[in-house]
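As you go down the protein sequences, you meet chains A and B in turn.
Its first residue numbered 1, the first sequence is counted upward by one per residue in UniProt numbering.
Its first residue numbered 1, the second sequence is counted upward by one per residue in UniProt numbering.
Since the hints were derived computationally from the structure, they do not count as laboratory data.
There may be inaccurate statements among the hints.
Below 27 Å or equal to it, Euclidean Cα-Cα: the simulated BS3-like pairs (lysine-lysine) are [said to hold, decoys possible]:
id: 1; chain 1: B; residue 1: K58; chain 2: B; residue 2: K24
id: 2; chain 1: A; residue 1: K71; chain 2: B; residue 2: K188
id: 3; chain 1: A; residue 1: K228; chain 2: B; residue 2: K120
id: 4; chain 1: A; residue 1: K228; chain 2: B; residue 2: K71
id: 5; chain 1: B; residue 1: K45; chain 2: B; residue 2: K58
id: 6; chain 1: B; residue 1: K117; chain 2: A; residue 2: K200
id: 7; chain 1: B; residue 1: K100; chain 2: B; residue 2: K117
id: 8; chain 1: A; residue 1: K188; chain 2: B; residue 2: K253
id: 9; chain 1: B; residue 1: K117; chain 2: B; residue 2: K84
Computed from a predicted model, the values in this text were never measured in an experiment.
Single-letter residue listing:
2 protein chains.
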Amino acid sequence: MIEKIVIIGAGNLATQLSLALHEKGLGIIQVYSRTIESASELAGKVNAEASNSLQDIKTNADLYILAVSDKALQSVLNGISIPKAKLVHTAGSISVDVFKDYTDTFGVFYPLQTFSKNRKVDFSNIPICIEANQEAFAAELFELGRKISSNLHAISSDQRKQLHLAAVFTCNFANHMYSIGQELLAEKNVDFNLLQPLIKETAEKITELDPIAAQTGPAVRFDEDVIKAHEESLNMHPDFQKLYRFVSQSIYKMHSSIK
Amino acid sequence: MIEKIVIIGAGNLATQLSLALHEKGLGIIQVYSRTIESASELAGKVNAEASNSLQDIKTNADLYILAVSDKALQSVLNGISIPKAKLVHTAGSISVDVFKDYTDTFGVFYPLQTFSKNRKVDFSNIPICIEANQEAFAAELFELGRKISSNLHAISSDQRKQLHLAAVFTCNFANHMYSIGQELLAEKNVDFNLLQPLIKETAEKITELDPIAAQTGPAVRFDEDVIKAHEESLNMHPDFQKLYRFVSQSIYKMHSSIK
């Protein structure tokens, strides 16, 4: 059973995951980060030791969660050496096999959510995608996951990579559309809050309808006058204009191919 | 005071707005649509007469709400002739001045929301953007609006056009990102519901943080390895691949210009 955990990383995901585990009584015994300041900041919140030296990582943890950027993962793996450590990473796009030259027992514990440092998230419904190289270890990870979420899934590395890609579209790219909306409204002194009910309904609608069926607006109607007028409004924003044109075409194409 | 209303149009917006007004006790006395079937379908729901002839539109209503597509608006205006009719349209991108050769009292009553025919919406928090060519009529429209929503705003034609444009980005384009996510997951037999908590949190997060501050993911981190891997995964979807590249660049550019 997993009781003592070392968290490697102190970014948004590491922070939120550590807080969730700590709240459910799991022991975070140490937090490692490249800088002692960020390690200490998170360690303080979960009553753990802080370290910025990979050599000083405790060797008696039941699990090591590597919640670092994809870029940093390999160098962390090269820097730590703990015999028989059970290692997991939390990355969407990295295969579980990244661990195979480093330890015998390894897996992935990937919470599918967008994390910002200062926004507390409720883990209880966050999908956690679990994968392991041994069945017994997968079972341990499921047991751990169940303590913080009721939404657990066995997901292969190949599926997880696609999930991460789909998450970039549905989260990061959708959020970028919000950013553009905010920038456009600011130019006309219109409060961005006017868009909040629309944004909320757009996200809620697809719990009931497929996104394809939920689509509305000038592109799916192929309302050329509106599209043209919108493109003209964007003359001073060549990037947004290009994006407007391109996404409108993509919407129209997707819907034409279905009809 | 506005009590008797004729609804011109029977699409998604006409349907949801009529239902909301009817529920609050306003009298929808007639519904016009190009086909008698669609006029009757909506008229039946709000206890109104149905018509598919512009010549037969009742002349005794306090308000005529033209909730038709932008393309159809002009031909409806050319087809009706009711002396001293108070006319409003519900369009995002059409100036209030469209009415000025047709009547003396006119305005706009624009509910900023995404409407689908079979998804009931709660009007109580939907922003309604109001504009009129006379102050007294604006006051009447605000009074009417207050019966169905507590979120009313005086918005000029110029601001409304920008709001509509921003709504296309934040609603239609965000929803298209959801459609792409669903299509990508289907290829790997992953349930789209796994993305629902992420989509919900992405939309909720920006009630607390600006979208710019809420952004996460490989583009804002400029994580080239992930971006490259994602682009490769999209080799079979050249359109999505182009979109991925373009939106990632746009995110990176927006954030670089702020730093």
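Structure-based check of all given hints:
1. Between K58 of chain B and K24 of chain B the alpha-carbon distance is near 22 Å, which keeps this suggested pair within the 27 Å criterion.
2. Under the criterion of a C-alpha separation no larger than 27 Å, the hint pairing K71 of chain A with K188 of chain B is consistent with the structure, at around 26 Å.
3. Under the criterion of a C-alpha separation no larger than 27 Å, the hint pairing K228 of chain A with K120 of chain B is inconsistent with the structure, at around 31 Å.
4. The straight-line distance between the Cα atoms of K228 of chain A and K71 of chain B is roughly 13 Å, inside the 27 Å bound, and the hint therefore holds.
5. Straight-line distance between C-alpha atoms of K45 of chain B and K58 of chain B comes to about 19 Å, which keeps the hinted pair within the 27 Å bound.
6. Distance restraint check for K117 of chain B and K200 of chain A: the Cα-Cα separation of roughly 18 Å lies within the 27 Å cut-off, and the hinted pair is therefore satisfied.
7. A distance of roughly 31 Å separates the Cα atoms of K100 of chain B and K117 of chain B; the hinted pair therefore is violated under the 27 Å criterion.
8. For the hint pairing K188 of chain A with K253 of chain B, the CA-to-CA distance comes to about 22 Å; that is within 27 Å, so the pair holds.
9. Distance hint between K117 of chain B and K84 of chain B is unfulfilled; the C-alpha atoms sit about 32 Å from each other, more than 27 Å.
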